[in-house]
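In the order they appear, the protein sequences are chains A and B.
Residue numbers for the first sequence follow my numbering, beginning at 1 and rising by one.
Residue numbers for the second sequence follow my numbering, beginning at 1001 and rising by one.
Just so you know, these hints were derived from the structure itself, not from any lab.
These numbers come from a predicted model, not from an experiment.
Some hints here could point you the wrong way.
Okay, derived cross-link-like pairs now, SDA-like style, lysine to any residue, Cα gap no bigger than 25 angstroms in a straight line [claimed, not checked]:
#, chain 1, residue 1, chain 2, residue 2
1, B, K1137, A, T132
2, A, K187, B, K1137
3, B, K1137, A, T133
4, B, K1248, A, Q337
5, A, K248, B, T1132
6, A, K137, B, L1190
7, A, K248, B, V1106
8, A, K137, B, K1186
9, A, K22, B, G1251
10, A, K260, A, Q337
11, B, K1248, A, K260
12, B, K1248, A, S31
What follows is a set of in silico ranges between Cβ atoms, one per label pair, in the way DEER data are often shown [said to hold, decoys possible]:
#, chain 1, residue 1, chain 2, residue 2, range
13, A, K186, B, E1319, 31 to 39 angstroms
14, B, E1004, A, Q269, 48 to 56 angstroms
15, B, I1017, A, G15, 37 to 45 angstroms
Where is the CB? At the ideal position from N, CA and C, for every residue including glycine.
Spelled out, the chains give:
Protein chains: 2
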Amino acid sequence: MSQERTEVGSLGEFGLIEHLTKNIEFQNASSLLGVGDDAAVIDHYGKQTVLTNDLLIEGVHFDLMYTPLRHLGYKTVAVNVSDIYAMNATPTQILIGIAFSNRFSVEALDEFYEGVYAACARYGVDLIGGDTTSSQKGFIISCTAIGEVAPDQYVQRSGARKGDLLCVSGDLGAAYLGLLLMEREKKIYLENPQIQPDLEGEKYIVGRLLKPEARKDIVEFFATAGIRPTAMVDVSDGLSSEVLHLCKQSGVGAVLYEDKLPIHDDTRQAAFKFNSEATACALSGGEDYELLFTIPQDDYEKIGNMNDISVIGYITDAEAGAHIVTKGGNKHALTAQGWNAFGGHGS
Amino acid sequence: MSQERTEVGSLGEFGLIEHLTKNIEFQNASSLLGVGDDAAVIDHYGKQTVLTNDLLIEGVHFDLMYTPLRHLGYKTVAVNVSDIYAMNATPTQILIGIAFSNRFSVEALDEFYEGVYAACARYGVDLIGGDTTSSQKGFIISCTAIGEVAPDQYVQRSGARKGDLLCVSGDLGAAYLGLLLMEREKKIYLENPQIQPDLEGEKYIVGRLLKPEARKDIVEFFATAGIRPTAMVDVSDGLSSEVLHLCKQSGVGAVLYEDKLPIHDDTRQAAFKFNSEATACALSGGEDYELLFTIPQDDYEKIGNMNDISVIGYITDAEAGAHIVTKGGNKHALTAQGWNAFGGHGS
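I would like the entire structure built from these sequences, with the hints used as guidance.
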């Protein structure tokens, strides 16, 4: 990391934008005009355009005390393209606006954009627009991600049907435990700055928190395998909450099985250390950015050779509600906070 | 205005989004899927898609002490579609994200969205996406405006050519004087809350500040009259600054004439009261949201019957630089702050 500090004011707003965007090279033919005019121009040539936006506020969505700006830039792009993948679409462009107080130097902004560009390269998206402005306090990010999809091939949350299999990619709960860990270490550090953070063996959960990846590979696998999910959503608020959304919007119910929930060994160990239930972390932790989706039972064979997808349950009638069957065989109603969040769980 | 106060927490995040977006009716066939999924979907059916985003921060871009939330919602949409018009495109959709502290009630957010929806109706755009989140301090708005344009018919800032006429819509400088007035009244009020604001006769300049309109009519006029500007930009940072951008990006120079600058009578009177030069306000005031554009001389006849367009100068070689000729016949180099901002001007 450079020790230099260049004041933003020395470049001016337009100089800063030029500085931050001078190395952009478009990866998509659909990116016709980028940063530098009143607006950007794209052409998806007969495909449909998918758009999502997000507002990320320092102190609410991230803590710069333990979030390197490079990771924050990367994560900003990753979590937004995750929403594009959740539509079964391919991300192609992003627009990023940042507001920052004068505690941020040009070098700090460069680090943020290094992360942005690294994620752009990873996901094949072009930065085509930006806004830089000052804030009274802290760092504020707005991100609009844009993608394309063949006409009417996008997947909503509302298409799940009775009998469909409920599937999730990757594993769950790690980012939440990463957050607990970083908050604990922050507290220790604030009480005694001499003590160095103890992150030994916690690389996985910290990585899941600070540098999540969007599931580009899963959407590409769908295309190759000829799968079109009936419904899909990315897991940002916690599995329970997303299952409930999907059920509500599809007008269905669901049963999931505790023993089918994909949980990484490091997550289980961290949950044990934090005196938490790994299952509860998986259900209500959030920030996993995995894909939760439903497929017809007939497509079960097609996902057989993708070992990073778990079938965690199935879709029922709306009247049956949304439940989880515990390892002990008990059935509990799902709530947005996991299940029975105020009374512990039964197993 | 309602005196009720409903806490945002009583609705929850998803309840709030549902509440704020429940009356949306799409005006555009291109709006396929709106609020409520991971992302929105549009299809511009063979046209190109134009996108711009903006981040507006309380205390930096607006002061809620004299900005009604309804006006702020309207202005958010107006200033963003203004960027779409500045590309010679038609706005079709917007995405709006807001972050707010707990001092804002549901009723306050309703007022903001009333303004948003009023502007959406005025400009024919559909709200298709949103994000609502909390902030540590103040009200923060991110807006992404989307528009469409026939293939390759968008107008950049870079197409002005020597001999082109330099034109501007409407009149300039009023919003800046509106800002001076509101800041003065705020100061008086803070010193003595008994004193009521004195806005007598200042309706025009205050309106230009608090409820600017984007120049939909001008872009529609271009289409009817068969005009395609060679370059265009909207006047958000002040005429001087925009002329300099246009010259830089087009690789040209410009001459403008002080006596051709369109300035409203109320603006002149307000400038006099504030002991300011109306010309300086027009050149460097900003927030006018008028369109500055260039057309070939051959198109002069075509704008003849549009009395809300002023020809204020012409385009020269880059070597000649950018100048203004004063009423007294003196020639001054334009600067981003107007001209000779630190030394007064010559006439």
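Q. Against the structure shown, which of the earlier numbered hints fail to hold, in ascending order?
A. 4, 11, 13
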